[in-house]
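S.K.: Here are the chains, one letter per residue:
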Amino acid sequence: MNPSNRKVFNFHGGLHLDDHKSVSTSRPIEDAPIPSLLVLPLEQHIGNAAKACVKVGDKVLKNQCIAKADGNVSTQIHASSSGTVVAIEPRSIPHPSDLNVISIVIETDGRDTTIEPKHTNVEHYKSLSRHDIQRRIQEAGIVGLGGAGFPSHIKLNAAEHPVETLILNAAECEPYISCDDMLMREHADKIVNGMRIMQHALNAKHCMIGIEDNKVEAFAALQKVISNSDDIELIRVPTRYPAGGERQLIYSLTGKQAPSKGRPLDIGIVCHNVGTAAAVDDAITRGIPLTSRIVTLTGSGIPQPRNMQVRIGTQIQFLLDHCHSPKEDIGNILIGGPMMGFKLNSTQAPVTKICNCILAIHQRDVIKPTTPMPCIRCGECTDVCPVNLLPQQLYWHAHAQEFDTIQDYNLFDCIECGCCDVVCPSRIPLVQYFRFAKTTIWQQERDKEKSDKARQRHELRLERLEREKREKRERHNRKKAALKKKPDQADDPKKAAILAAMKRVKEKKSATDTNPANTDNLTPEQQAKVDEADARRKDHKKDTTS
Amino acid sequence: MIINTPQVASSASVSRLMLHVGYALAPGTLAYVWLFGISVLIQILLACITAVVTESLVLLLRKRPVFKTLADGSALLTAVLLALAIPSIAPWWIIVLGTAFAILFGKQIYGGIGYNPFNPAMLGYVMLLISFPLEMTRWPAAISLLEQVPTFQTSFDVIFNAGLGIDTISGATPLDTIKTQLRAGMDIPATLISPKFGELFGSLSGVGWEIVNLGFLLGGLYLLITRRIAWQIPLAMLGAITVLSSAFYLIDSSQYATPLIHLFGGASMLGAFFIATDPVSAATTPRGRIYYGIGIGIICFVIRTWGNYPEGLAFAVLLMNMAAPTIDHYTRPRVFGQGN
Numbered sequence: 001m002n003p004s005n006r007k008v009f010n011f012h013g014g015l016h017l018d019d020h021k022s023v024s025t026s027r028p029i030e031d032a033p034i035p036s037l038l039v040l041p042l043e044q045h046i047g048n049a050a051k052a053c054v055k056v057g058d059k060v061l062k063n064q065c066i067a068k069a070d071g072n073v074s075t076q077i078h079a080s081s082s083g084t085v086v087a088i089e090p091r092s093i094p095h096p097s098d099l100n101v102i103s104i105v106i107e108t109d110g111r112d113t114t115i116e117p118k119h120t121n122v123e124h125y126k127s128l129s130r131h132d133i134q135r136r137i138q139e140a141g142i143v144g145l146g147g148a149g150f151p152s153h154i155k156l157n158a159a160e161h162p163v164e165t166l167i168l169n170a171a172e173c174e175p176y177i178s179c180d181d182m183l184m185r186e187h188a189d190k191i192v193n194g195m196r197i198m199q200h201a202l203n204a205k206h207c208m209i210g211i212e213d214n215k216v217e218a219f220a221a222l223q224k225v226i227s228n229s230d231d232i233e234l235i236r237v238p239t240r241y242p243a244g245g246e247r248q249l250i251y252s253l254t255g256k257q258a259p260s261k262g263r264p265l266d267i268g269i270v271c272h273n274v275g276t277a278a279a280v281d282d283a284i285t286r287g288i289p290l291t292s293r294i295v296t297l298t299g300s301g302i303p304q305p306r307n308m309q310v311r312i313g314t315q316i317q318f319l320l321d322h323c324h325s326p327k328e329d330i331g332n333i334l335i336g337g338p339m340m341g342f343k344l345n346s347t348q349a350p351v352t353k354i355c356n357c358i359l360a361i362h363q364r365d366v367i368k369p370t371t372p373m374p375c376i377r378c379g380e381c382t383d384v385c386p387v388n389l390l391p392q393q394l395y396w397h398a399h400a401q402e403f404d405t406i407q408d409y410n411l412f413d414c415i416e417c418g419c420c421d422v423v424c425p426s427r428i429p430l431v432q433y434f435r436f437a438k439t440t441i442w443q444q445e446r447d448k449e450k451s452d453k454a455r456q457r458h459e460l461r462l463e464r465l466e467r468e469k470r471e472k473r474e475r476h477n478r479k480k481a482a483l484k485k486k487p488d489q490a491d492d493p494k495k496a497a498i499l500a501a502m503k504r505v506k507e508k509k510s511a512t513d514t515n516p517a518n519t520d521n522l523t524p525e526q527q528a529k530v531d532e533a534d535a536r537r538k539d540h541k542k543d544t545t546s
Numbered sequence: 001m002i003i004n005t006p007q008v009a010s011s012a013s014v015s016r017l018m019l020h021v022g023y024a025l026a027p028g029t030l031a032y033v034w035l036f037g038i039s040v041l042i043q044i045l046l047a048c049i050t051a052v053v054t055e056s057l058v059l060l061l062r063k064r065p066v067f068k069t070l071a072d073g074s075a076l077l078t079a080v081l082l083a084l085a086i087p088s089i090a091p092w093w094i095i096v097l098g099t100a101f102a103i104l105f106g107k108q109i110y111g112g113i114g115y116n117p118f119n120p121a122m123l124g125y126v127m128l129l130i131s132f133p134l135e136m137t138r139w140p141a142a143i144s145l146l147e148q149v150p151t152f153q154t155s156f157d158v159i160f161n162a163g164l165g166i167d168t169i170s171g172a173t174p175l176d177t178i179k180t181q182l183r184a185g186m187d188i189p190a191t192l193i194s195p196k197f198g199e200l201f202g203s204l205s206g207v208g209w210e211i212v213n214l215g216f217l218l219g220g221l222y223l224l225i226t227r228r229i230a231w232q233i234p235l236a237m238l239g240a241i242t243v244l245s246s247a248f249y250l251i252d253s254s255q256y257a258t259p260l261i262h263l264f265g266g267a268s269m270l271g272a273f274f275i276a277t278d279p280v281s282a283a284t285t286p287r288g289r290i291y292y293g294i295g296i297g298i299i300c301f302v303i304r305t306w307g308n309y310p311e312g313l314a315f316a317v318l319l320m321n322m323a324a325p326t327i328d329h330y331t332r333p334r335v336f337g338q339g340n
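Residue numbers (my numbering), protein chains in the order written: chain A, 1 to 546; chain B, 1 to 340.
Pulled out of the complex, with its shape left as it was, chain B reads as follows (with noise of 0.2 Å):
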């Protein structure tokens, strides 16, 4: 057969793709460390490690080219991903199983790249959760709310060593003491203003979380412009959310936080531009996609706000990957041509 392709010179590929998503999600990341510690980066690199041993095993199994495959770093994004969506300060063993279970049953096992179903990264968040619901529920607290800083042997002694000082690093996040705070009588501006849970909110959102989410929309807006991202998907779900927190803040404001806090708070930047918009396991039609964002909108906010946890991203993008053939097949773009 003789192959015929164009002889124009193109520096699209999928590696370099994954090369700029992880260059957008430096912001965000950064901003992460700088107020909650260095125990995230701990997880970046066990979750790094476990990706590339994990998907070189499988790949010497299925007798596929090692490196080659490693080299388009989707491994690698799944393990940043996920390690930046677990509590930084869970123990060693729930990274390094959970990047292990993703890259296993989230994508190798379809066939690799391409090939799954499902946004790996959220199915192994989704295990661990519902699997060590303890370990994946302890936040770390920001440094700018704990008396002192921790150090780098106390980041490593809560992760290696049982979680050994944990106490003194944690604390609760802001969509969970909602939640919780609700459940216990007390409504939305009186926790605001409390003297307890008071301090726990900045101007927008959570203290400290809110420059994270701001960290990774600027990541976000990046690869929006450079158009490495479809804009479909973040723009849907953010705005699902925005629609739906707004309606309800202002049906009543003591039982529904601000909108603000939704699209600040928990993992809604992260989500939106790094993990719904995940290509493999998103709807591929343009008007597909906005109702996959929307889908993820609408039940990331029914989980926050009706649910028994206080975040739903990785649940939405799950129900929404499991929609999206469907979506797909009934969002086909109209043909040149054929009628209006």
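Just chain A, with the same shape it has in the complex (with noise of 0.2 Å):
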């Protein structure tokens, strides 16, 4: 394919940006020393927590499984170096809320003792079945690179959906960010072998890989590594924060939006990052786990810039002195680049598997936060904004906290990637307000819920407790209609006896207590005697009356 006839559509908005990525880029990738503590949270991936399988004490060797998988949307974490496992205990992780998360910390011995691979020999990827890749990757423990940390066998797992196209983001747009330009530069082999493998999984018909214009060596070297296949495109996208974006870079290469409520997947199209593919490679070819990756440790508070291979768990400290870095003169340290990375607050915290660049600013370049400006409504952000949404409209009732307003002009197709940040005259914290609006928005669909299940609850045992009371005066009244039909049913002999008894004694009562009247029992003549004086009272009555 001749890469440079290809066009390329060009999204919405988006920035032109100092990249500073040359800093980082003039030496070759370091392997960085094994450190003498790992400390691998259970959380690096998007979806369940792993769930350790190794106890205190216990020896473990480098690409040994520590922690399972969870469920399908969860990941295996691995040992990334040989030692004793002295501690399973919350740590402080890179996260922007400085979160404490369960991490198995492993003291190293130093040897560096690999556990034999699991599939030793490995056979041509092609014999291997969808389901097999899939399996493999997740025992890997293979995530998304690029950042987002999204388990990556689920990304291949597209048998509800076929699939046109693979694409390789390879764009890397982010400035100072350079891991991805390093292994392409040095391994583009992998990631081309990674890409084929991820093509059969998804049984893919062709395959993309986007990379922005300013890495003209990474470029040269994929294209000497696909120069002989006709059904992988190299595509130069210019480079323009955020031209790495997914959905951006997807449109920029195929001129399809993928769908703002629904995946790239029903369009056809998966998208993973060259890091990743790299990885893949290195599982299913060497049956290697994901147990180090590289990072950009760059920025004017480190002296020489450069990318490292990291194994997974090494403290951010450790990486730091290795560089040399003066402590006492870091002003601010970003996990990710200055767009969207977030501020480290603990250097204790370990590199996990997307942790792809350490960001350490000189104090005297750290750019502090001025007090903002009511805004101005000069529409700068529309016109950077890569969604096409309308941020000062979202920031305007993000302020008003209009919740219900804000997810009408689309607050959740934001993707936070902070050119409005940049260009806002006005100076306001765009993104910060659209994160506050999303947050809470989330907090309350979490409260309905809850609240939705409270109610559920409550009305359920007015409901049981209405029944149990209609059921005891339901009892009780068969009782007592028991109680009162049993006196017929004379079941039982005593009361019949004394029921008999009763009768007896009523009967004889009766027959005593009847006082003989003076007309019963009269002879004929007196009988007689009485008719006749009944006559005379008649004849007498009648003659008083007439």
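Source of the hints: derived by calculation from the structure; they are not laboratory data. Here the structure is a predicted model, which is why all the values come from computation and not from measurement. Keep in mind that the hints are not guaranteed to be accurate.
Derived lysine-lysine pairs resembling BS3-like cross-links, with alpha carbons at most 30 Å apart [said to hold, decoys possible]: (1) B/LYS63 <-> A/LYS368; (2) A/LYS494 <-> A/LYS506; (3) A/LYS450 <-> A/LYS469; (4) A/LYS126 <-> A/LYS68; (5) B/LYS68 <-> A/LYS368; (6) A/LYS205 <-> A/LYS261.
Need the complex rebuilt from these two chains, each delivered in its own frame; the hints are there to steer you.
M.R.: Structure, rendered in structure tokens:
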């Protein structure tokens, strides 16, 4: 394929930023030394935390699985060097809200003894079924290395939807970060092979690699590897932040827009990061799980910026010390790039699978947030928004806490790229407002769900109480009815005897109690006299009345 | 709450924006001073002083930071725009009253910059036009048309000394002349070549005014090229004026002025690039701004052509200010990934 003639679609907005990448690409990737301590958090990915399968005191080998996936949306964690598990406890991880997460802490023995790979003598990937590839990728603990940390095996499961195109994201559009760039320069073969494996797993018709046009050497390296494949397109996209946003890249390469409430898979596209592809190659071809990654150490607080192959779990302070970063002069450390990265609170936190860049900023270069001015509705933010949102309207409604209206303005389509923040003349921290609105809405939804559940529980309880009351009453009535009926049945011999006796007494009593009237038992003469008297009384009555 | 803002240097700021708008006003203003006399500068000075004093007083009453707010430059910009919009030979209290009104009732009463629904300068202008029609319709004549160049003393007296000597430096504006002559029964071509009024018109529009408009066009193009104002509003507004005036001119050139007279006469260029583009009171969606600009152009043309006033920009802007929220509501852009 001739890459230069390829038409590229332009997404809306975006920014041309100074890329600051060349400072960290002048040296080859350096292997970081084995630290004395490895901290491996059980949550380094989106989904359920892995479940530890070692205990304190256990000896572990490099590449040994130390935590198993919990369910499908989860993945495994492996020891990144040999040593002894000394603790399983909450430790600080790199996270915007400074979370502590259960982590397996390993004291390394420095020997880096490796466990025998589970799949030695690995056959050609084409002999493996899709399901096998997926399973092995999950077993290797691979997650999206571009920063999202979504378990990769899920994005290779396209059973429900046919996949037309597999796209590898090689854009790496954030300033300063160069780990993908260096990976492409040095291991283009791994990337392409990993892509072939993914293509096989997805049964995708063709592949594209989208790379920003500022990565000349990486482009050349990839081109060399794919020179004789005609189903892989290597496409340069203009260097414009955020060209590497998944949806932006898909649009640039194909002109298709992934639906805002759906996934790229809905339009037959799956997108993976180049680092993920290389990790897939390691896992399938060599049986090596994901225990290290390339990390860019850069910024004005690092004397010689560089890229390093770092064991997952290496504490960030260890790397800063290794690079002779002057601790007292560091003003700010970001994980990720200057646009979307977040401030690191503790340098004791480890490098995780999704940690692509450590940006140490000298205190003289720290950009302090200024007091924002009122929005003057200039619309600069609208012009740069890659999603075509109206950030100032979103800001307006976020500020007024109108969380229904703000969703009408498509708050949840915001990718938090930060372009609007950079151009705002009033220096309003717009993305901060959007994050606030999103988390508040999520919280409200959770609260609503909770209160719905509580209400449901309460209603069920009332219903149950009502039912119990009704049943009690019914039982009571039945008993009462039963008691009423019992005398007739006279099934109790004792009671029957009593009743019979009472009846007899009653009969006897009625017999004795009746006094004979003097008109009973009359003789015929007496009767005749009575009749005579009656007749006389009648006649007398007749006379008096007539 | 942890504040995570991009660590990328940015030079964008409101005061910088206002400063560049100020730079862009320079060519038009200098042409205005050069062709119509020093009185323009006196008005600008008066307006600026009034704006700063009024805004400071309001901010003190509202217990808001005075210096920081003044530094955004928006009050000064309002003052300068109003000073450029009124007749430069109006008495001093006109501009003082108008500026104070603009700052107080045009802006601060709503909560200051960013919250005003109307363009403050145009609100001040319309208040003055309605309240003081005599003072607001006596315009200076271009110096080239006067018998002698007005001295600083003359300009000073006209403004501060109850209009002393105003007859020596005032004259009819081209748009006004066309309107009154049409009413008197003289069609436009006749007016343009008449010995009495012909000298008022240059090759584009009114003598003097056409150069001032060219100056504002130059400044406006600077703002467009440096992307400090959105292109939609000026382009749509000037486009609407051009289309309408051309159409009517082609229908009947004796009753309707040429498109050039419309574009380079009156406040067209100042309005298109500096007044209609005030972001706070304008429509903000890209498509909405086009409708907003077209609306101003149409109303402006209608008032000039059939209304009582020779110029209709201020009314056009205020009317479209009212329509802006509705326009924004119906012109939301389609969000990425939500159908075609």
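S.K.: Would you mind marking each hint as holding or not holding in the structure?
M.R.: A quick look at each hint next to the structure:
no. : hint                  : verdict
1   : B/LYS63 <-> A/LYS368  : holds (26 Å)
2   : A/LYS494 <-> A/LYS506 : holds (18 Å)
3   : A/LYS450 <-> A/LYS469 : holds (28 Å)
4   : A/LYS126 <-> A/LYS68  : holds (27 Å)
5   : B/LYS68 <-> A/LYS368  : holds (18 Å)
6   : A/LYS205 <-> A/LYS261 : holds (25 Å)
Violated hints: none; the structure is consistent with every hint.
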